[in-house]
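Visitor: The hints should help you fit chain F onto chain D, whose structure is shown.
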Amino acid sequence: MSTVTSSTEPGAMPNVAAGLSGLSRGRSVTNSVMTVVVYAAFLLALVPLAWILWTVLSRGYTLLLDQNWWLTSQRGITPRRVGGGAYHAILGTLVQAAVCALIAVPIAVFTAIYLVEYGRGKLARAVSFMVDILTGIPSIVAALFIYAVWVTTFGLQRVGFAVSLALVMLMIPVVVRSTEEMLKLVPNELREASYALGVPKWKTIARIVIPTALSGIITGVLLGLARVMGETAPLLILGPYSASINTSLVDGPMAALPTMIKDNFGQALQPATDRLWASALTLILLVLLLNGAGRVVARFSAVR
Amino acid sequence: MAQRIDVKDLNVYYGSFKAVEDVSMSIEPRTVTAFIGPSGCGKSTFLRTLNRMHEVIAGGRVEGTVALNGRDLYSKDIDPVAVRRTVGMVFQRPNPFPTMSIFDNVAAGLRLNGVKTKAVLAEAVERSLKGANLWNEVKDRLDKPGAGLSGGQQQRLCIARAIAVEPQVLLMDEPCSALDPISTLAIEDLIDEIKQQYTIVIVTHNMQQAARVSDRTAFFNLAATGKPGRLIEMGDTAKIFSNPTEKATEDYISGRFG
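For the record, the sequence lines run as chains D and F.
By the numbering used here, the letter at position 179 of the first sequence is numbered 179, and the numbering carries on one by one without gaps.
By the numbering used here, the letter at position 147 of the second sequence is numbered 147, and the numbering carries on one by one without gaps.
Bound conformation, chain D alone (with noise of 0.2 Å):
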């Protein structure tokens, strides 16, 4: 190696060999300034979420402790009076949140496979258009698309199922983007790999690629899910509130956690105010529930 003989480098110190020289100062008086820019920017971004948290913890956790909160409805309880639970609208956030996956994860998935490991040209560009325009929908305009369908033009009732149906619309377009992202991150080494021991495409995407992004393809449908579950226009337009227990998708009004906390909304009376805050805590819950979920699932299965 010969030695470097000049350095033009601005601030560099002179005497030191082949052109190496110490941390200049004014790039670590930068590197001090950009360091507590960032954090700060980092601490600003948590206090909305720690004051929300602790606000919504330190107001509802006393219901939670009940188990009544669990295992019984609002039928019959004033807002006037206390007690009385959740397990209507719990129920009838999960029940709809359930038929919802049921619906959009097949549809989604195959989308996905088909944008991945089909789609050429014309249709392919235009169904990944499609995609990105419900993606962009506000829940609202679901909702009244759905109102239109369901209650105008075939005169059906407002009931749970509706609801589902709106957030099929919303959950879609996520959970095709997020499985079409896994599907693209698996090698197409493992793809010619499996065409060339003479495995048919269709066999190859679902013995070989699936497997290999279903962690993925599961953390997207839970996170999706999580997504879904806290959406609340739907539930104003297609989902009337019910302090009762109803098991039926299709018949009378089902309860879900939002239209709860709107129910209590608004009330001067102590304790519906607790029940708000209960309800909003349990919300937080559930969604936080599938969001840990989706987390442990993508650990443990994870590929490699």
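Don't take every hint at face value.
What the hints assert, rightly or not - Computed Cβ-Cβ distance ranges for the label pairs, DEER-style:
id, chain 1, residue 1, chain 2, residue 2, range
1, D, Asn291, F, Ser150, 35 to 43 Å
2, F, Asn206, D, Ala298, 36 to 44 Å
3, F, Glu137, D, Gly230, 50 to 58 Å
4, F, Lys118, D, Phe154, 49 to 57 Å
5, D, Val127, F, Ser150, 41 to 49 Å
For the record, the hints were derived by calculation from the structure and aren't laboratory data.
Computed from a predicted model, the values in this text were never measured in an experiment.
Just so you know, even glycine gets a beta-carbon here, dropped at the ideal spot from N, CA and C.
Guide: Chain F in isolation, oriented as in the chain D frame:
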């Protein structure tokens, strides 16, 4: 079970770009044929036309005929999936299926083609792993992930996986380029053993390797960048490396270019 391949007037395209032009050659059964030549000369592309893997890439197509024991692989009534069962392939980078154990990797080809009997699968896995000189190293951990093996072991696993479906021809696309010299030696020994049963075609950038393992050598070259690659010369390996007919071949093997 080994079969001969006759290629006649083959042109290979990516969309409108002609990658390989006018190749005719015969590949004898139970021999090792090596393809050598500079990067981009189309030898890997040509190799992939021998089991119809070329058309997996969007826009990939060919003109001309590739005949396996006299039967044209590109005739309309031939299913490309069936071709690939007959002509197996080992790739440049080891690519075991990451979700599968060592056993499942080797059994994959049979299982995905409908073989379910446990005894048949176990027998095929043992035979293939022995054939790939890997049995002794992995026989106690067949249920462990295939991706946990070393690079050289993974490549031998891929060879075992390819021979488990009992192909007639085995194509190898630079199978040692990602491996260290010890693993490379193991693969070369393996090629020498399995050529008793298979017709083997190997693409390599390593001319010593071509000289060591092959019986016949084909030299590919291209006139200039953007021009299609062509088969310049093909002959017995000893002759190609000692007394080639074409000047370009001599320049390439003596290291004057490429």
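Visitor: Give a verdict on every hint.
Guide: Quick rundown of the hints versus the structure:
Remark: the range hint 35 to 43 Å for Asn291(D) to Ser150(F) is upheld by a beta-carbon distance near 38 Å. Taking the beta carbon of each, Asn206(F) and Ala298(D) are about 41 Å apart, inside 36 to 44 Å as hinted. The hinted range of 50 to 58 Å is satisfied by Glu137(F) and Gly230(D), whose Cβ atoms lie roughly 53 Å apart. For Lys118(F) and Phe154(D), the Cβ-Cβ distance of about 54 Å falls inside the hinted range of 49 to 57 Å, so the restraint holds.
The hint said 41 to 49 Å for the Cβ distance between Val127(D) and Ser150(F), and at roughly 43 Å that hint holds.
No hint from the list above goes unmet by this structure.
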